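J.: Sequence:
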Amino acid sequence: MSDSLINNKKTFIDYEVMETFEAGIELLGLEVKSLRKNQGSLLGSHVTIRGGEAFIIASNIPAYQEKNTPKDYEPKRNRRLLLTKVEINKLAAIESKKGLTIVPISMYNKGKKIKVQIAIVRGKKKYDKREDIKKRETDRDIRREFSDR
-11 MSDSLINNKK TFIDYEVMET FEAGIELLGL EVKSLRKNQG SLLGSHVTIR
39 GGEAFIIASN IPAYQEKNTP KDYEPKRNRR LLLTKVEINK LAAIESKKGL
89 TIVPISMYNK GKKIKVQIAI VRGKKKYDKR EDIKKRETDR DIRREFSDR
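Residue 44 in my numbering sits at position 56 of the sequence shown, and the numbers go up by one each step.
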């Protein structure tokens, strides 16, 4: 049973999700404690492949206890993702394609480990976003009608 720690809610608004992956993440102890208190943000972060390794860039995980934090701690540091070579090669091929990007969707507990769900996405156009909003509103109206009866 997995339990979500932080989510990137804007992913589903701004992007069309093509495929998802589950990855482990290399964290410091103070980052793990901070995440377990639901602190942190994936907003604006993305995944990049460098030298045969995957990294999550610009994710913000603040220190657990500000006064006990090392002076050189960087909350927006690059964090290594733990993936197999096959997955890394597949992501590297996809990253090189124009119009596709890799973004983290959520961080969650899986047993005692913290995992990251990443997705291959394509940016939505403005009219696509409007269509999604209209569809959501009509679905909500239909549910209201049925719940009133």
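Some hints could be false.
When the alpha-carbon atoms are kept at most 25 Å apart in a straight line, the in silico PhoX-like pairs for lysine-lysine are as follows [said to hold, decoys possible]: (1) LYS112 x LYS21; (2) LYS(-3) x LYS73; (3) LYS55 x LYS21; (4) LYS21 x LYS117; (5) LYS101 x LYS112; (6) LYS122 x LYS85; (7) LYS(-2) x LYS86; (8) LYS(-3) x LYS86; (9) LYS86 x LYS25; (10) LYS59 x LYS21; (11) LYS21 x LYS64; (12) LYS55 x LYS25; (13) LYS117 x LYS98; (14) LYS98 x LYS21; (15) LYS(-2) x LYS112; (16) LYS85 x LYS117; (17) LYS78 x LYS112; (18) LYS64 x LYS117; (19) LYS64 x LYS101; (20) LYS59 x LYS86; (21) LYS117 x LYS(-3); (22) LYS73 x LYS21; (23) LYS113 x LYS(-3); (24) LYS86 x LYS114; (25) LYS(-2) x LYS73; (26) LYS113 x LYS123; (27) LYS85 x LYS113.
Restraint-style ranges between C-beta atoms, simulated for each label pair [said to hold, decoys possible]: (28) LEU31 x ARG68: 13 to 23 Å; (29) GLY40 x LEU16: 17 to 27 Å; (30) TYR115 x PRO58: 45 to 55 Å.
Read the hints as simulated data drawn from the structure, not as lab findings. No experiment lies behind these values; they were computed from the predicted model shown. All residues carry an ideal CB built from backbone N, CA and C; glycine is no exception.
J.: Look at each hint and say if it fits the structure.
T.: Results of checking the hints against the structure:
1. Annotation: proposed proximity of LYS112 to LYS21 is violated, straight-line Cα distance about 35 Å (limit 25 Å).
2. For the given pair, LYS(-3) sits about 29 Å from LYS73 by alpha-carbon distance, which is inconsistent with the 25 Å threshold.
3. Under the criterion of a C-alpha separation no larger than 25 Å, the hint pairing LYS55 with LYS21 is consistent with the structure, at around 15 Å.
4. About 36 Å separates the Cα atoms of LYS21 and LYS117, which puts this hinted pair outside 25 Å; it is violated.
5. For the given pair, LYS101 sits about 33 Å from LYS112 by alpha-carbon distance, which is inconsistent with the 25 Å threshold.
6. About 31 Å separates the Cα atoms of LYS122 and LYS85, which puts this hinted pair outside 25 Å; it is violated.
7. Distance restraint check for LYS(-2) and LYS86: the Cα-Cα separation of roughly 21 Å lies within the 25 Å cut-off, and the hinted pair is therefore satisfied.
8. With a CA separation close to 24 Å, the supplied pair LYS(-3) and LYS86 stays within the 25 Å bound.
9. A distance of roughly 37 Å separates the Cα atoms of LYS86 and LYS25; the hinted pair therefore is violated under the 25 Å criterion.
10. At most 25 Å may separate the alpha-carbon atoms for a hinted pair to count; LYS59 and LYS21 meet this at roughly 18 Å.
11. Only pairs whose Cα atoms come within 25 Å are accepted, and LYS21 paired with LYS64 is accepted, the gap being roughly 16 Å.
12. Among the hinted pairs, LYS55 with LYS25 is consistent with the structure: their alpha-carbon atoms are about 17 Å apart, no more than 25 Å.
13. Of the supplied pair hints, the one linking LYS117 and LYS98 is violated, its CA atoms being roughly 32 Å apart against a limit of 25 Å.
14. The straight-line distance between the Cα atoms of LYS98 and LYS21 is roughly 15 Å, inside the 25 Å bound, and the hint therefore holds.
15. For the suggested pair LYS(-2) and LYS112, the alpha carbons sit about 12 Å apart, so the restraint of at most 25 Å is met.
16. For the hint pairing LYS85 with LYS117, the CA-to-CA distance comes to about 23 Å; that is within 25 Å, so the pair holds.
17. The suggested pairing of LYS78 with LYS112 holds, with an alpha-carbon distance near 23 Å, which does not exceed 25 Å.
18. Restraint check: the Cα-Cα separation between LYS64 and LYS117 comes to about 29 Å, which exceeds 25 Å; the hinted pair is violated.
19. The hinted pair formed by LYS64 and LYS101 meets the criterion: a straight-line CA distance of about 21 Å does not exceed 25 Å.
20. Distance check on the hinted pair: LYS59 and LYS86 sit about 40 Å apart at the alpha-carbon level, beyond 25 Å; violated.
21. The suggested pairing of LYS117 with LYS(-3) holds, with an alpha-carbon distance near 14 Å, which does not exceed 25 Å.
22. Using a Cα cut-off of 25 Å, the hinted pair LYS73 and LYS21 is violated, with the two alpha carbons roughly 29 Å apart.
23. With a CA separation close to 17 Å, the supplied pair LYS113 and LYS(-3) stays within the 25 Å bound.
24. Between LYS86 and LYS114 the CA atoms are separated by roughly 19 Å; this keeps the pair inside 25 Å, and the hint holds.
25. With a C-alpha separation of about 29 Å, the suggested pair LYS(-2) and LYS73 falls outside the 25 Å cut-off, and the hint is violated.
26. The straight-line distance between the Cα atoms of LYS113 and LYS123 is roughly 16 Å, inside the 25 Å bound, and the hint therefore holds.
27. A distance of roughly 18 Å separates the Cα atoms of LYS85 and LYS113; the hinted pair therefore holds under the 25 Å criterion.
28. Checking the proposed 13 to 23 Å range against LEU31 and ARG68 shows it holds: the Cβ atoms sit about 20 Å from each other.
29. One distance hint, 17 to 27 Å for the beta-carbon pair GLY40 and LEU16, holds here, with the actual separation near 23 Å.
30. Between TYR115 and PRO58 the Cβ separation comes to about 48 Å, which falls inside the hinted range of 45 to 55 Å.
In this structure, the earlier hints numbered 1, 2, 4, 5, 6, 9, 13, 18, 20, 22, 25 are contradicted, and the remaining ones agree with it.
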